[in-house]
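Chains A and R are the protein sequences, given in the same order.
Per our numbering: the first sequence ends with 242, consecutive numbering throughout.
Per our numbering: the second sequence ends with 294, consecutive numbering throughout.
Since the hints were made in silico from the structure, they are not lab data.
Among the hints, a few may not be true.
[Unchecked claim] Simulated coverage check for chain R against chain A, where a stretch passes if three residues somewhere in it have a Cβ under 8 Å from a Cβ of chain A:
hint	stretch
1	65-78
2	134-145
[What the hints assert, rightly or not] Listed next, the in silico PhoX-like pairs over lysine-lysine satisfying Cα-Cα at most 25 Å (straight line):
hint	chain 1	residue 1	chain 2	residue 2
3	R	LYS109	R	LYS245
4	A	LYS233	R	LYS86
5	R	LYS153	R	LYS294
6	R	LYS138	A	LYS148
7	R	LYS86	A	LYS238
8	A	LYS233	R	LYS171
9	R	LYS212	R	LYS245
10	A	LYS238	A	LYS40
11	R	LYS294	R	LYS138
12	R	LYS217	A	LYS200
13	R	LYS187	R	LYS212
14	R	LYS119	R	LYS106
Yeah, the Cβ is synthetic: ideal placement off N, Cα and C, and Gly gets one too.
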Amino acid sequence: MSLWQKHAIFEKNSIILIIGVLIMISFGGLIEILPLFYLKSTIEKVDGVRPYTPLELAGRNIYLREGCYNCHSQMIRSLRDEVERYGHYSLAAESMYDHPFQWGSKRNGPDLARVGNKYSDEWQRQHLNDPRSLVPGSIMPGYPWLAKTELDTNHLDQHMSVLALEGVPYSADMISKAAIDAKAQASDEDPGELTKRYPKAVARNFGGRPGVVTEADALIAYLQMLGTQVDFKIYDDKANLR
Amino acid sequence: MSSTNPNVKMVDSHTGTATTGHEWDGIQELNTPLPRWWLIILWASVIWSFGYVVVYPAIPLVSSFTTGMFGWSSRGDVAAELNSLKALRGPMVNALNGATLADIEKDPKLLTFARAQGKAAFGDNCAPCHGAGGGGSKGFANLNDDDWLWGGKLEDIQATISFGVRSGHGKARDGSMPAFGRDGILKTAEMSQVADYVLSLSGLPTDKGFDKAAGAKIFEENCAACHGPEGKGDMALGSPNLTDKIWLFGGDKASITEGLTNGRGNVMPAWVDRLDDTTIKALTVYVHTLGGGK
Chain A
1 MSLWQKHAIF EKNSIILIIG VLIMISFGGL IEILPLFYLK STIEKVDGVR PYTPLELAGR
61 NIYLREGCYN CHSQMIRSLR DEVERYGHYS LAAESMYDHP FQWGSKRNGP DLARVGNKYS
121 DEWQRQHLND PRSLVPGSIM PGYPWLAKTE LDTNHLDQHM SVLALEGVPY SADMISKAAI
181 DAKAQASDED PGELTKRYPK AVARNFGGRP GVVTEADALI AYLQMLGTQV DFKIYDDKAN
241 LR
Chain R
1 MSSTNPNVKM VDSHTGTATT GHEWDGIQEL NTPLPRWWLI ILWASVIWSF GYVVVYPAIP
61 LVSSFTTGMF GWSSRGDVAA ELNSLKALRG PMVNALNGAT LADIEKDPKL LTFARAQGKA
121 AFGDNCAPCH GAGGGGSKGF ANLNDDDWLW GGKLEDIQAT ISFGVRSGHG KARDGSMPAF
181 GRDGILKTAE MSQVADYVLS LSGLPTDKGF DKAAGAKIFE ENCAACHGPE GKGDMALGSP
241 NLTDKIWLFG GDKASITEGL TNGRGNVMPA WVDRLDDTTI KALTVYVHTL GGGK
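In isolation and in its complexed conformation, chain A is listed as follows:
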């Protein structure tokens, strides 16, 4: 009986067949996925990347809630045309605190990975409220309720605790001050200890309504931060070819 005949064992015993299939498939995982967790050369530490502030995190939650990812990707691929249009290609490290990441491939609208600081807060407010008032042919829906709805900061600390379990370095201090930091970042007044906890975080009245922290404040704070954490003037492209 040659070796070829042995497949009769698999064909006649479904459990053995399933185990065999699992072993074959796990080879793919072992070779293609597992090494990414330990290979030094695939894990890039980049200066400037920090966990999201509570306000940005709240904005990110609204981004997910409203399904912005259905039309917008957040990854500039390392392709010529993308770099020409959107700027420096995205680094894996730039989404290291994203759970889950927003890379995506659906692009009914432009990629948003570097949209931070590209437009003014006023533009973002008006665009979220009524995209066609600025871009007549736009197919993006309006989100007029964001500016009218006060931001719920009650569960931010809990969300941060969960992210901490997943490896985002939120300290106990950051978690306990979540609501305070969220309110501080959404005002033009001195944000206090915010930038001590979150270096280079920008605080201002993003949403435009004085005295109220709205969902628009959170979402615009998030959008204006996207792609701005890494300073590409000092990032060494040549040393990081991979």
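Using the hints provided, position chain R relative to the given structure of chain A.
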């Protein structure tokens, strides 16, 4: 692939096809091999994969991975592609970088190139605010008329694009309109009078019974410092001409009163850090030649 006894070929009497010789409860399995073309593709892919593994990065090792014969990487690849794009555009880009803005407009070939590049960059970066043709919208300046807030000469436009307006950049164009109502500088009645006065400056209809002298007085005391005694504006401060019937925020009384109440000062971002010098130059020429360049 072969039958139990390779010497005896069993053939199914109904179909005339050979069987594998397997038998389950009297049912036999027909032996229909994979088509030849399919097998050829399979084996060709297997052979191809060996070549791929040698040429491209493939096998994970202990702390690194095999980098392939030529050390290919996707990041290196895009850098090379961008360089070759630069080389392709090289002569024109160099000419653009070397020429002054005025010279670019005098040289038809350079002008065509600059406008083409400017147009593409305008679509990606400026159109969301200024409109696809530069026509602007409420609060976002029209760029194809000859009414300029900050100056319509090439150098003025270049400075506006580079550093933005109220953008927070150190060299940004700055100066905003105070919030006369919110900050309690003017009363509601005074705001109404001066708003009517502003309308009268360009001959627009005003409310009945409006006291022009009183309006003029409020204007002189509160507005003339920025908008000029005749309301003709001041480009150094970005305060618009109020006499020309061209409105940034709208020429009806409600819009004017809204501005008086909450102030005005729309932001245009700075582009020096986002776009390279050549692109900004091309954009300058593009905007200048949209129709209203001075």
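Structure-based check of each hint:
1. Only residues whose beta carbon comes within less than 8 Å of a beta carbon in chain A count, and the stretch 65-78 of chain R has 7; three or more means the coverage holds.
2. Under a criterion of three residues with beta carbons nearer than 8 Å to beta carbons of chain A, the stated coverage of the stretch 134-145 of chain R is upheld, 4 such residues being counted.
3. Taken as a hint, the R:LYS109 and R:LYS245 pair is broken in the structure, with Cα atoms around 37 Å apart against an allowance of 25 Å.
4. Taken as a hint, the A:LYS233 and R:LYS86 pair is honoured in the structure, with Cα atoms around 19 Å apart against an allowance of 25 Å.
5. The hinted pair formed by R:LYS153 and R:LYS294 meets the criterion: a straight-line CA distance of about 5 Å does not exceed 25 Å.
6. Among the hinted pairs, R:LYS138 with A:LYS148 is consistent with the structure: their alpha-carbon atoms are about 22 Å apart, no more than 25 Å.
7. For the hint pairing R:LYS86 with A:LYS238, the CA-to-CA distance comes to about 18 Å; that is within 25 Å, so the pair holds.
8. Between A:LYS233 and R:LYS171 the alpha-carbon distance is near 19 Å, which keeps this suggested pair within the 25 Å criterion.
9. For the suggested pair R:LYS212 and R:LYS245, the alpha carbons sit about 19 Å apart, so the restraint of at most 25 Å is met.
10. Restraint check for A:LYS238 and A:LYS40: satisfied, since their Cα atoms lie roughly 17 Å apart, inside the 25 Å limit.
11. Pair hint R:LYS294 plus R:LYS138 holds up; C-alpha atoms about 23 Å apart against a cutoff of 25 Å.
12. A threshold of 25 Å between alpha carbons decides the hint, and for R:LYS217 with A:LYS200 the separation of about 47 Å lies outside it, so the pair is violated.
13. With a CA separation close to 17 Å, the supplied pair R:LYS187 and R:LYS212 stays within the 25 Å bound.
14. Annotation: proposed proximity of R:LYS119 to R:LYS106 holds, straight-line Cα distance about 18 Å (limit 25 Å).
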